[in-house]
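Enquirer: For the protein sequence lines, the chains are A and B, in the order given. Quick note: to get our numbering, add 25 to the position in the first sequence (first position is 1). Quick note: to get our numbering, add 96 to the position in the second sequence (first position is 1).
Be aware that a few hints might be false.
[What the hints assert, rightly or not] Pair ranges (Cβ atoms, derived): (1) A:Leu288 with B:Gly155: 34 to 44 Å; (2) B:Lys189 with A:Val71: 55 to 65 Å; (3) A:Leu372 with B:Gln288: 36 to 46 Å; (4) B:His312 with A:Val202: 35 to 45 Å; (5) B:Ile362 with A:Val202: 42 to 52 Å; (6) B:Ile362 with A:Leu375: 48 to 58 Å.
[Claimed, not checked] Footprint (simulated), chain A over chain B, 3 or more residues, beta carbon under 8 Å: (7) 400 to 412; (8) 455 to 464.
It should be emphasised that the hints constitute simulated quantities derived from the structure, not laboratory data. What you are looking at is a predicted structure, and each value in this text was computed from that prediction instead of being measured. We treat Cβ as the ideally placed atom computed from N, Cα and C, and that holds for glycine.
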Amino acid sequence: MLRSSVRKHSGSLAASPVIRRLFSGAAVIGLLLIIASLIALSTGPVAITPTDTLSALFEWAGFGDSSASRTQQAVIENIRIPRLLLALGAGAGLGVAGATMQGLFRNPLADPGIIGVSAGGALGAVIAISTGFATTSALFLPAFAFVGAAGATALVFAVGIMAGGRSSMASLLLAGVAISSFLGAITSAVILLTSDLQAQRQMLFWLAGSLEGARWESVRIVLPITLAGLAVVVAFARDLNLLLIGEDEARSLGVRVGAVRALLLAAGALLTGTAVAFIGTVAFVGLIVPHSIRLVIGPDHRALLPLSALGGGLFLLIADTLARNLAEPIEIRVGIITALFGAPFFLFLLIKNRSRADSL
Amino acid sequence: MTVQDSTTTAATATAATRRRGALLEAKRAVVSYGERCVLDGASIGIAPGLITGIVGPNGSGKTTLLRALAGLIRLDNGSVCLDGRSLGDVRSKTRARRIAYMPQSSADHTFTAMELVLMGRYPHLGRFRLEGRSDMAITEAAMRRTGTLQFAGRRMQTLSGGERQRVSLARALAQDADVLLLDEPTTSLDMQHQLLTMATAREEAKGGAAVAMVMHDLSLAAQHCDVLYLLDAGRVVASGGPWEVVTEANLRKVFSVDVAVEPETISGRPSVSLIGVSNGTPGASKSEAVRVHVICGAGSGRDLMHRLRLAGHTVTSCVLGDGDADRETALRLGIPHVASPPFSTVTLEQDTAHRRLVREADVVVVCEMAVGPGNLRNLEAAAEARRLLLIERPDGSVWDFSNGAATKVYAELHHRGQTVSRDAVQSAVETVS
């Protein structure tokens, strides 16, 4: 037998390939993030040189005087930094939620929206606009969207459990697909029945997703929730690994499968719901970011989850910067950009790695 | 006799189980999936130092029993105890350090073989602790023992079924548990790796582990397990040493087959040969069944009698001396024939009895046996056949030890019958109906 008296010895960090992969991945994405952030902060209707942007950042952080003008300083502090942070937060949330759902459902096509979150959020937002609540306070729209997202998720869970029992992930997945379509139909009906053209336009805008409404208030809500959700999911990264190799294996290796699944689904719903509430429905982030990272570093969730957070943030930031600047002064919806660039990129990865991409 | 000697050994093994006491025990376990009751009060004890085999037909509840022992399913009734403590009261992580479980097959994923085996170490690590050097060393040792180290870096989905099964075993070994539960660990393995897996299980048992495995192959189970449990319809119908469990009566009752159980040539453990299905053979319907008389000797008719019986035909044979290989087979298969003392010449009385069997048969098959004065009458009787098939020696010669008498009889038979090759006998027989 492999009786090991050495079990108590602590391992050296460097020996673990997971840590090496995590750190090298984080270094690469981190570097890209810094570059993308600088570009994002410098571009827009008010042009600012990268040097002025850096100096404005220093002043904002409390170091020295900025070389940027008052207007430039205000644009950076009140518009671009919140928008940057919202892109990073929401993108991270969607990326991590995607990685979690794919692992949980053991299905490469699982998306953060698969458990009904996005469809519910959309219906909530559309109702907020059609009833006029959205115009009374800026926080009503995200609040309605979040309630819709949470309500739809709860419904999917209830139906999934009734249909397949606690252990069937397949019935949960199918319930999610069916309920999403159902809610989507109601959303379309509400939009078509709205006579106010202005409101109808606002609804369609929301559905295409945008970071236009980014303010410090939204950042203060999105960032803490996203960080908390990320912490929970990362703490259960190893359990996700085991669930991926099989339910019986996971259970026999000490995972309390039912409890862990419920917790991770709730965390995924919270992350997605928060993002959807503030930026609308943005497709593809949760699908292509985890897959791209998985193709490079492999399926180990201990590296995959943190890197999906960073990668999701980076992807959404790049998409938003393009959305703002491609057709200036008109802003393209960020959801259109993610789908337009995300889908071909994803197809390219699929073909390039055809032997590995068809499973997790 | 060997059988009795081995029964004594088996009884000793069971006594050993009782003396050591079960480490993991299921008592009157009941499990149903919906309406269907899969386990109907099965009890089993897994003792340290022994390999316990769980055998039985498809759907008899073997895998469910193993999963119940592993604490993977909730029982409707009964209990599973580890060290006398109900498994439900043991923390899942503690349980994972004591009981390792290897399922029959696993999901498709892209972890490498080594990453998978390393997962066996998770129950020994804190939530945020990474695998250390000792875990790496244990993983490497487990992979070396299962012969999987050479593809440590390969992704699981690129491995063959047998290779995956061995990696899966390595994962269970790396868990370093006191109880090892294996679900059909040898099904997709070649002979060499079957042996390696069984040897590894034996090493684990010798090291003090309690090993239990669901086995499909009865002979393999009988050869490698110390204690066997035979399941049928969710109940344990027999348990004990191999000779107590693998008996002709037990297998007829549980599998509805006629089998011969005899000591395996080398190990002396029970080995099972299939003779036929008890309640008619599915392959041949009764209307097609033919009465075939086989004239043979010195083992020339063994495979023919066996094949024709398996196909559902009624088989009879000629005058056969005691100790003749063909007589042994006829006796085991319950084939009517005329008995005679060893190496004696066929008497008139025996010949009369034999000719009656020849006349009653639809077809008579004459094997390419050696013919001497002693069994010449067996050959002559073939002349009374309603339909006659002659099997020829490859060179067309007659194995004649009767100074030409046999050759003369053969020449005559050639006119009445049809010459066939050994492999074509069965289809030739079946064209009769």
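Enquirer: Give a verdict on every hint.
Expert: Hints, one by one, checked against the model:
1. At roughly 36 Å, the beta-carbon separation of Leu288 of chain A and Gly155 of chain B lies within the given 34 to 44 Å, and the hint holds.
2. Under the hint 55 to 65 Å, the C-beta atoms of Lys189 of chain B and Val71 of chain A, about 57 Å apart, fit the expected range.
3. With their beta carbons about 44 Å apart, Leu372 of chain A and Gln288 of chain B fall inside the hinted range of 36 to 46 Å.
4. Hint check: His312 of chain B to Val202 of chain A, Cβ distance near 38 Å, so the stated range 35 to 45 Å holds.
5. A beta carbon spacing of about 58 Å between Ile362 of chain B and Val202 of chain A contradicts the range 42 to 52 Å that was offered as a hint.
6. Taking the beta carbon of each, Ile362 of chain B and Leu375 of chain A are about 54 Å apart, inside 48 to 58 Å as hinted.
7. For the stretch 400 to 412 of chain B, the proposed coverage by chain A is not satisfied: 0 residues have a C-beta within less than 8 Å of a C-beta in that chain, short of the threshold of three.
8. Only residues whose beta carbon comes within less than 8 Å of a beta carbon in chain A count, and the stretch 455 to 464 of chain B has 0; fewer than three means the coverage is violated.
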